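Peer 1: Read off the chains here:
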Amino acid sequence: MPKTKLCDFSISYMQVLDENGVVDTDLEPSLSKEQLVELYRHMQWGRITDERMLKLQRQGRIGTFGPSIGQEAAHCASMFCMRDDDWFVGCFREHGARLMRGESLVKQLNYFNGYTEGNIGGNPRNLPISVIVGAQSLHAVGLAYASKLKGEDSVAIVYQGDGATSQGDFHEALNFASVWNVPVIFLVQNNQWAISVPREKQTKSKSIAQKAIAYEMHGIQVDGNDPLAVYAATAEAAERARNGEGPTLIEAVTYRMMMHTTADDQYKYRTKEEEDSWKPKDPLIRFKKYMEDKGFWDNKAEEKLQAELKADCDAQVKEFESQPDFPRDVSFEHVFGTEHAVISEQKVEFDQELEEENDA
Amino acid sequence: MPKTKLCDFSISYMQVLDENGVVDTDLEPSLSKEQLVELYRHMQWGRITDERMLKLQRQGRIGTFGPSIGQEAAHCASMFCMRDDDWFVGCFREHGARLMRGESLVKQLNYFNGYTEGNIGGNPRNLPISVIVGAQSLHAVGLAYASKLKGEDSVAIVYQGDGATSQGDFHEALNFASVWNVPVIFLVQNNQWAISVPREKQTKSKSIAQKAIAYEMHGIQVDGNDPLAVYAATAEAAERARNGEGPTLIEAVTYRMMMHTTADDQYKYRTKEEEDSWKPKDPLIRFKKYMEDKGFWDNKAEEKLQAELKADCDAQVKEFESQPDFPRDVSFEHVFGTEHAVISEQKVEFDQELEEENDA
Amino acid sequence: MPKLNMVQAVTLALEEQMTADESVVVLGEDVGVDGGVFRATEGLLEKFGEQRVIDTPLAESGIVGASIGMAMAGLKPVAEMQFSGFSYLSIPQLEGHASRMRARSMGQFTVPMVLRMPYGGGVRALEHHSESREVLYAHNPGLKVVIPSGPRNTRALLAAAIQDPDPVIFMEPKRSYRAFKEEVPADPETMEIGKCQVVQEGTDITVVAWGAMMHTTKKAVKQIEKERGISIELIDVLTISPLDSDTICESVRKTGRCAIIQEAARSFGPASEIIACINDKSLLYLEAPVQRVTGYDVVTPYFNRELDYMPTVGRISRGIIEAIDF
Amino acid sequence: MPKLNMVQAVTLALEEQMTADESVVVLGEDVGVDGGVFRATEGLLEKFGEQRVIDTPLAESGIVGASIGMAMAGLKPVAEMQFSGFSYLSIPQLEGHASRMRARSMGQFTVPMVLRMPYGGGVRALEHHSESREVLYAHNPGLKVVIPSGPRNTRALLAAAIQDPDPVIFMEPKRSYRAFKEEVPADPETMEIGKCQVVQEGTDITVVAWGAMMHTTKKAVKQIEKERGISIELIDVLTISPLDSDTICESVRKTGRCAIIQEAARSFGPASEIIACINDKSLLYLEAPVQRVTGYDVVTPYFNRELDYMPTVGRISRGIIEAIDF
Ligand SMILES: Cc1ncc(C[n+]2csc(CCOP(=O)(O)OP(=O)(O)O)c2C)c(N)n1
Ligand SMILES: Cc1ncc(C[n+]2csc(CCOP(=O)(O)OP(=O)(O)O)c2C)c(N)n1
Ligand SMILES: [Mg+2]
Ligand SMILES: [Mg+2]
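Residue numbers (my numbering), protein chains in the order written: chain S, 72 to 431; chain V, 72 to 431; chain R, 6 to 331; chain F, 6 to 331.
Simulated from the structure, these hints should not be mistaken for lab results.
Keep in mind that this is a model prediction, so the values were computed, not measured.
Heads up, the beta-carbon is just placed ideally off N, CA and C, and yes, glycines get one too.
Please note that the accuracy of each hint is not assured.
What the hints assert, rightly or not - Straight-line Cα separation of at most 20 Å, EDC-like style, residue types lysine to aspartate or glutamate; simulated pairs:
1) S/365 - S/97
2) S/277 - V/316
3) V/339 - R/51
4) S/76 - V/307
5) S/360 - S/89
Claimed, not checked - Facing chain F, according to a computed beta carbon distance under 8 Å, are these residues of chain R, among others:
6) 97
7) 101
8) 105
9) 203
10) 205
11) 246
12) 273
13) 275
14) 295
15) 303
With the rest of the complex left out, here is chain S:
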């Protein structure tokens, strides 16, 4: 009766493919050669486009953005289990996943060049980039609620960083999701940093995954640089979600290999050594080795892929830069779906201003 144990909890960690290429065959997901190659291609595409965007930004050809380099396994391999009719709710550091969902590099460049046009196209169940940290987790819960209400078996997967877990909205989202038992996967890319704030100053908990306990939710930590572990954990979560077994919190332990955004200098707050220590854990190196070991991949294949992706990249950058100018008055178009007296009045003013300007 007295001070008794009320309840016990535990959180698991999953790694399938370790840094040295050793595979846990019990846990290894059964993916075909084609699937593996496809996933690898997605990851490489994420990497290559990010590297290109970095250059373009440095040359002033696009605005500020936050590279996802190093996190490709965490977001691409999780997205790889999702269906087209699943909802993709991102924040701003899962470029590879976004591109997988039918979004073009051109579109992405338009976005980071300051045009809303960069938000359209792609899978109609892709939500636009969400900049307010933590907020989008609630949207995923609402989308999932609608799936459930309509009797669909689609799932909403929502991405956020370790920093986002501090926001009230993240907490409210996990609580709503668990009380409503809706099909959501909360995928936290724990990349160790929120701008200059290290993970230990963000939360004192030993893992992000254990936060699931607060909601009696399924939670798991995976090696976020191991595409097989990420895939396996997400596939399991998606299956449970589709079966009506509710939400899951997945912590993918990874590392932000670059600056926070191009406006930031990471060496103000962390060392080059720390960064370097993560290099051997690079998900692309590891995955390539895995495919080579399986006999699915070799240098020739790699060269071919690299050449293809770079050509695609070049072509899309060219397309991006040769687009006709976007119209200036689009900001008045989509504020409301119906006639709005004030907007209409101001649109007239705006057009006059543009004319005056042209006259001047």
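Here the structure of chain S is known, so what remains is to put chains V, R and F with the ligands in place on it, guided by the hints.
Peer 2: Just chains V, R and F with the ligands now, kept in the frame of chain S:
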């Protein structure tokens, strides 16, 4: 290496004095007769004043309020460990604790009669009633931070209900408190209901206490109708906090014996049977029996106490009702601490309006 | 034609719209078995079930954030904030997402949601239960703000709000919830959002009010008309944003005088915008400064002093007369 | 006398106030080792240590809620919001607590905190990084809202804000952060909160602006003066709330004309309040409608279109001329 256990957690439950008066002597806190009598008196004072307020409200002599009846052990016994220089951060359902902190019934009646005057007096480290559910938890963290910064060993204790645990601010408060390692006690009075919403619809977790795990914080569930368990758990938490060992989350499992507030009819959403099933667990019955068993209390003492408290209650209600009218213009006094042109302008207007009204 | 009070009108509109369109869902704190703390959702749970009448955990940002998701997936959530004083917890979701999603996605995603909230003073409630802060929403591009004043326009405007393809903040003057009954047509009706209503025509002064102030203002208007034998044009704003400045400014061009009655704190309140619009469109017709009769810029007092804070029949009358006698 | 830009002026004020008063603490996201994303808190960590320069978890409501607690316990927290677009997450704490605590406790508890935030457009940043929503705070009784326009008044007003016994929202026009340098006196100085500044006297029209718009407006004013040979009185609002309407209205009584330049969306913006005050105090002196040159009531566009949204020298000039030529 593969799917391994990352970490284990457990949450304890504490009960010292059970419903039938059986005591766990290992856990029994060593309180003197005087202390026990004093605590009992506080709990009775909370009960009696609430019962009186219910009557006054029904007679239209004060406005809406939410009775704390049934929860006296949870809030009085926890407050009983706190020092005068500790911060008391309440919400609106810990009347007994508030009264313990040097606040008079008159003051409380003024508050529930719609006068800010009801917020002053009492211990200068009592915060006023906080109506926005969940918000005050963050204030406690800030107060505790200041204690720590100044090298004081005072603690902040903050009260909230089970419903409050759903708010983002509650989450942010727990996270800040644990990262900053500040001396706060989060005391959740889990009274099973948030207006009409039962505990199970508020959160799916088996306990509120386990939410501490998300923050690597010490968490414990106690029988909230057992004053000895509440006292022991809070004393332990306060000691840890004073020793620089940081915050604690205490879930006191109790029951809201009455309507949510006097504006509510609880039988729209719960049964009389459910209420009745909690009656034998009444903290006052249990505590009285404990003191009787110890030979500290008998019917005579009880009669005397009841008579005293009722007389005090009568006297204070009388005082409340015979107070001179409060000034009407006080709303202009305390908006800012310095001259403010707009307020001063409007104050002149206000005075004119009052005059016009008097003339009319 | 049944006579209904304003709360009943809310319930009727919800019931009608839920019946007509199964994508309409209602969610909020205590909206289910309790029927809402003001009983505005009474009976809906029985009729439409737990999936469409959803008791949520106690978290306003959560309610609105989840509603945004539901709306993007094709539902039409009608979320209730228990009191407008708690709705500020949802401002980040409204400002950051509900109001922007259409523009952000160039029309691909829309947020056809309604956020209902009782607002305003006069019911002797606790702190945070009596503010009038419509400007916080009206200043936010992408949101519409509607404030009905009586049972009939409540039912019609709420129906229109639910059918609107964009987020509508629907603020219900709780002081008027049970203050009076009105005949409401048997068949569903809607009223156009974005239009003021000239409640009574007149020639000597334009008096503008909305929400619970309409009722008080009507009393003052009657009184002055009788006492002074003048003709007052009375306008019910009904939609705060987009503001129908044409109707107001046209009236002012006719009367040359204007008084605006606002429950909210004065500075940066809706009356200021109305005056700015009069300045833009009718300044030369003004024969006197526009009078603002408003709440004061003080922290809203607790209930025993709140009537000193809100415009009363006396203050409103004095304001109108000041504009007339100028 | 050193020449500083506006960010350096912020840092200087913080350093001076922290040195003078050890109850001053700085907190926010990345304010420590990183020195803030705009480097406004650069060097403070080294000087004052982790206890007084606090890197917080990523939660704006948490930052402000904890600051309120600190302030009640006698500290003077200066909290930074990384961008004003994230400050809305703290509105519930500001509206519900910071602004009310003094009134609620009849002066027993006070909240002497400052909430600093870079605001406004023009720096080609991502969504949510360019709004100007000062009204959300200005309409809230119990809060003061200060917006400096240059290095010298930034340093002086921030010092005053930190010394103020009540919560001050201190909005820093980030477009001006590094736009120009100004001489700043060697010794600490303060400026009174609640006063507009007549930047230049004139007789033909009163032009009112604040924040980053001051800089653009100055250019327009110079241009028009040269082209048209007229005399313009230019007023820098500096404190949005409490608004120093006397200074503005007095000027309008002298000039008879007025143009207000506002970066924020037009409807329910600060210009409307200024017009309402002119209506109250100087209507009969107006020779033309007051012109509002403002942002449009649209969802703030992404950066490649933001300059179309913000008043430019051209638009401002045309607005001023319209008022003159009326
Ligand atoms: C509400 C809010 N506050 C602050 C910011 C500024 N900000 C952008 S990203 C970021 C850090 C995010 O960290 P994390 O969630 O770990 O994601 P990561 O950047 O590491 O991918 C911050 C503070 C923001 N976008 N939204
Ligand atoms: C932010 C906010 N939302 C809603 C309310 C209205 N409200 C007051 S008390 C209450 C229920 C609180 O439940 P709980 O936290 O369990 O405390 P209890 O009333 O049971 O003591 C609600 C919804 C409020 N005061 N604040
Ligand atoms: Mg991170
Ligand atoms: Mg409760």
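Peer 1: Does each hint hold? Answer for all of them.
Peer 2: Do the hints match the structure? See the list:
no. : hint          : result
1   : S/365 - S/97  : 16 Å, holds
2   : S/277 - V/316 : 17 Å, holds
3   : V/339 - R/51  : 13 Å, holds
4   : S/76 - V/307  : 17 Å, holds
5   : S/360 - S/89  : 11 Å, holds
6   : 97            : 5 Å, holds
7   : 101           : 7 Å, holds
8   : 105           : 5 Å, holds
9   : 203           : 22 Å, violated
10  : 205           : 24 Å, violated
11  : 246           : 7 Å, holds
12  : 273           : 4 Å, holds
13  : 275           : 7 Å, holds
14  : 295           : 5 Å, holds
15  : 303           : 5 Å, holds
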